[in-house]
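The chain contents come next:
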Amino acid sequence: SQGAIDDHKESGQSTGNSILLATTTSTENSGLLDDILPILTEDTGVEVKVVAVGTGQALQMGKDGEVDVILAHSKKAEDEFVQEDHGIQRFDVMYNDFVLIGPKDDPADIGVLAKNDILKALSIFQNTEETFLSRGDDSGTHKMELQLWETLGIDPKGRWYVSAGQGMGAVIQMTNEMLGYTLSDRATYLSMKHNLDLDIILEGDGMLFNQYGVIAVNPNKNVQINYEGAMILIEWLLSEKGQGLIGEFGQSEFGQSLFIPNAK
Amino acid sequence: MQLQIKGLQKSYKGQTVLCIEELTIPQGSFFGIIGPNGAGKSTLIKMIAGLIEPTNGLIEYSGASITDEIKQKMTLVFQKPYLLRTTVFNNIAYPLKIRKIEKEEIQRRVDRLLRDMEIEHLKDQKAWTLSGGEAQKVALARGIIFSPELLLLDEATANLDPTSVLMLEKQLKAFFHENKTTIIMITHNLYQAKRLCHDVAFMKDGKVIEVGNQEKVMNYPESHHTKEFICNEKI
Amino acid sequence: MQLQIKGLQKSYKGQTVLCIEELTIPQGSFFGIIGPNGAGKSTLIKMIAGLIEPTNGLIEYSGASITDEIKQKMTLVFQKPYLLRTTVFNNIAYPLKIRKIEKEEIQRRVDRLLRDMEIEHLKDQKAWTLSGGEAQKVALARGIIFSPELLLLDEATANLDPTSVLMLEKQLKAFFHENKTTIIMITHNLYQAKRLCHDVAFMKDGKVIEVGNQEKVMNYPESHHTKEFICNEKI
Amino acid sequence: MGQILEGTKSALMLLLSFDREIYGIVGLSLYVTLTASIISSFVAVPLGILLAVKDFPMKQFVVRFVYTMMSLPPVIVGLVIFLLFSRSGPLGVLRIIYTPTAMIVAQICLVMPIIIGIVYNGTKEKGREIQEVAETLGANKMQTLVLLIKELRINIFAAIVTGYGRAISEVGAVMIVGGNIRGDTRVMTTAIAMLKSQGDYETAIAIGIVLLLLSFLINSILYKLQQEES
Amino acid sequence: MGQILEGTKSALMLLLSFDREIYGIVGLSLYVTLTASIISSFVAVPLGILLAVKDFPMKQFVVRFVYTMMSLPPVIVGLVIFLLFSRSGPLGVLRIIYTPTAMIVAQICLVMPIIIGIVYNGTKEKGREIQEVAETLGANKMQTLVLLIKELRINIFAAIVTGYGRAISEVGAVMIVGGNIRGDTRVMTTAIAMLKSQGDYETAIAIGIVLLLLSFLINSILYKLQQEES
Ligand SMILES: Nc1ncnc2c1ncn2[C@@H]1O[C@H](COP(=O)(O)OP(=O)(O)OP(=O)(O)O)[C@@H](O)[C@H]1O
Ligand SMILES: Nc1ncnc2c1ncn2[C@@H]1O[C@H](COP(=O)(O)OP(=O)(O)OP(=O)(O)O)[C@@H](O)[C@H]1O
Ligand SMILES: [Mg+2]
Ligand SMILES: [Mg+2]
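Residue numbers (our numbering), protein chains in the order written: chain A, 1 to 264; chain B, 1001 to 1235; chain C, 2001 to 2235; chain D, 3001 to 3230; chain E, 4001 to 4230.
If we strip away everything but chain A, and leave its shape as in the complex, we get (with noise of 0.2 Å):
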């Protein structure tokens, strides 16, 4: 009956100043949103229960109608969203960048053969068989790195292509163990750096860029979903404050920020 279901939105999770966010596993690996969302509670009385999957699920529990708004790191797949209605807007928020992560000693000389150019150092992979870990859970990350491969032409295959199927963290302490290399975001990177025999091997390449959106996921989708909610979450993530805290995070803990705040 109607009164019951009203009955469940006064208890219900997801009404009032309480809202549904489905992000990447970088974001909470890094401890941005632990950081920045009680301070947003404060200041507007929504309250942002975060749920950390993998940018697949995210987008599919987008699309599924399960969360209110959506934090990703794939613009493409992100687009496409919003282009099948899943997502009334897009928002670009902040960027970071990938970086590829090897052994200290990069005993196979990427640093140095490849330069600044990502392109040539996965070509230098395939060439010498030195491993080379990959997310393979289509995650934001993967997508990039899958793309850069088409760019090249080669269909990575061999002992040397490792496809791990696991979240960022993850996929660093498996680079670690094995002595091989892997594409990370920054933050992720910098945020276990201390326990890592690994060091930044190629980083800068314009390829590498890493945009962060944000979307409110269409409320014609249930009743349930909370429009309202997710609209105060992307404007204060957008705002001057909201920016500036991104901006800000990581400062005293690293000497640098890892998330640039772009929001337009």
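Because the hints were derived from the structure by calculation, they are not lab data. Quick caveat: nothing in here was measured; it's all calculated off a predicted structure. Certain hints may be false.
Said to hold, decoys possible - Below, a list of computed lysine-lysine pairs in the DSS-like style, where the Cα atoms sit at most 27 Å apart:
id, chain 1, residue 1, chain 2, residue 2
1, B, 1097, D, 3141
2, C, 2227, B, 1173
3, B, 1123, B, 1073
4, E, 4126, C, 2046
5, B, 1046, D, 3126
6, D, 3150, B, 1097
7, E, 4124, B, 1080
8, C, 2123, D, 3124
9, C, 2013, B, 1126
Given the structure of chain A, go ahead and fit chains B, C, D and E with the ligands onto it with the hints provided.
Here is chains B, C, D and E with the ligands on its own, set in the frame of chain A:
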């Protein structure tokens, strides 16, 4: 309770271990069953207690077939009694507890029975620490405490010492006279059958070979099977 | 095997259930133990078998304390026998199997014993489907198949029919004479004690009240406890 | 290796820190797993016993089905519960997804077959005998069941301990249906998984040790209760 | 809901597709879990029985320790095994990390306490009696143990089924020490977790169903073996 057995049969995997055309045990009789090992005595008594389904035939209790109500009014004391993992007192009190009898009343009745059966000293002992004969006494006490109308005993005194056997027989006789119970007792002790039973049935190979007045069957058996069996009475 | 018991005592939570100053059972004797329920008979025999640790005192087997080798040469048939969850044949064959006796030899010996004990028809039956008396016969057969030098029997014929009791006693006697075994037997059947035993001990309340030649103890008991107990022999 | 020792030290520090968040996580873990285990026990113990003492058609099949359900992967349970209770799912109106309630439901699905299976096995052999005693003494169906539970308590205890062990240690199901939301549905195992993926092995192991200490405590209490009865 | 039905359909398609990768994953799952369960059984069954029939100091404590280990979280086991066998760990020279061997080692740690615990409980009550029979018939220590195993086989069977269920369904430990490497250490549960994180619920459920079908098959075989014996 009167018992009527008609065309009763029990088979395991095609092998018939019991086959009784007809047998009537009148209300208020003290009925003995004797016969060699494997004759089917326990099978019969378990079937009467409703624990084994007959393959064929039926048993009537005062004209009716078995119901929960009838089950409430009868009991079987097993050849190898299973005692609950608790004290002797709780074992004997159990049938009264499930009949929702008041605590004081239970206490009173169990205490009296413990005294009558000369096992007061075991009252608080754990059942699994009892000696063989003590366990059998407790099982018997548990069986008669709620005054069942039909009491089925399967070699219930086999592990008792001679003095205890006599004591128990006295108890049973008193119980029988007070309650107008029907008692069916399996025993290998032919003296005991003589001392207690009005009627006896001799079973062999799943069949009732001979049944009738105890004195008649035990002293002037008709079948040579019975005769052969009885002549070993001094064992 | 000769047995010597010295200052043997068993207590549970401070309560002494057995206390025997001294008792000697000579090699090759057929020794009976009688006494009321709870007297400590099973406790004593289990201690002899090495299954219960005494609280105090010791038992010597032909002068030595118990070892695995001695254990191999004796056995105990329980009051409530536990049969292995397999066939009758396998139950009886088990002691031979663990002694690594050849298959044909096992087959031969078990078959003969089954025949002697008149239970051939049960050979392939599952142990848990046996009747009470059948189970007891199987346990007995399993105990004597490997010709132990010391055979301990705890009411091993309590659930047998009179004919079987006689048959079994004959078996035991034959076994006793053939093997020069020492046999210690607990029984509540005073006739049986008379028929079989050379010596008997009367136990009560954990103590050996009287011990000696069977005929003497059973016919002219010294203690009034024994007298009282024996006078119920016809039970 | 050093990390394991460090973790042990951290575990103590963690417990002594009286950090509100840690205690919240521990409390929620206990709430979810104990609720799930208790509810499961109430249903599964009688079911396991009935399965053992009753004869009915297809019984062999049901038994093997229960055994199979004992190897239900937590991720699959999580996924199915998620799909059932998600907003667009058939039971979406109940709105329990990403709440402790959903976690309890998922764990019940995992724990129930385990308890049924172990209880069934323990009852199979001795159950018949106990049932016979109860019946001959005039117990009705309910009283017979109660007696069976009392007599088989040691086995039932093992079943519940095993089931509880499954609940407290699993992460797949609670992660999916609970979402590991900070301050809301984060339990010890999901916290461990998260910390591990962040490379913070020490804290992960510390929480793991806390978890084991708690298990030890709960097992000890259950064990005491069971001992005293017997 | 639709996804669950779709998943069932996909499961059949998947099995019939004879896809080499799928069969590789299934095969590795079976290899790892069966090896772990078999090795665990050989050690844990005798240990559980000994624990039940022997008296020794601190026994109560050991029992409670085993019970506690039954709730060992797979993630913690994975982590500890990882730290032990990692490059810099004390056993790093063995170089088994990210191989099926490491996965087997981790699962043994999980399965062993479960089997020990359940066997212990099932032996506690009847074990003494069986031991007495064996001893009075002249069995030596080894023969007594063998007889105990034979007589208690129903309970032991339950213990192994439960342990195997734990092995085949857990993901936390094998994910960490195996790494879910495609074509190398990817097993059914890690594949399910990965597919789920990709939002591919259907295939995840399909593999889950395959896993359950296999469990059913294996349970049925074990069950048959056990039935025939009795
Ligand atoms: N499940 C079964 N399968 C095969 N035979 C069985 C089964 N149960 C019982 N029997 C057989 O049925 C016969 C009758 O058994 P029952 O227990 O009734 O004998 P009994 O007269 O009580 O003997 P006892 O005096 O030894 O107790 C026995 O020969 C026994 O072996
Ligand atoms: N664990 C225990 N705790 C307390 N009392 C015990 C324990 N075990 C045995 N007893 C008591 O020890 C006494 C001797 O027992 P035992 O089994 O030796 O008697 P028994 O002479 O064989 O009697 P029966 O003829 O009835 O078999 C009994 O009264 C029994 O209750
Ligand atoms: Mg019988
Ligand atoms: Mg005794």
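Results of checking the hints against the structure:
no. : hint               : result
1   : B:1097 with D:3141 : 15 Å, holds
2   : C:2227 with B:1173 : 26 Å, holds
3   : B:1123 with B:1073 : 25 Å, holds
4   : E:4126 with C:2046 : 17 Å, holds
5   : B:1046 with D:3126 : 17 Å, holds
6   : D:3150 with B:1097 : 15 Å, holds
7   : E:4124 with B:1080 : 21 Å, holds
8   : C:2123 with D:3124 : 26 Å, holds
9   : C:2013 with B:1126 : 12 Å, holds
Checked against the numbered hints listed earlier, the structure breaks none of them; every hint is satisfied.
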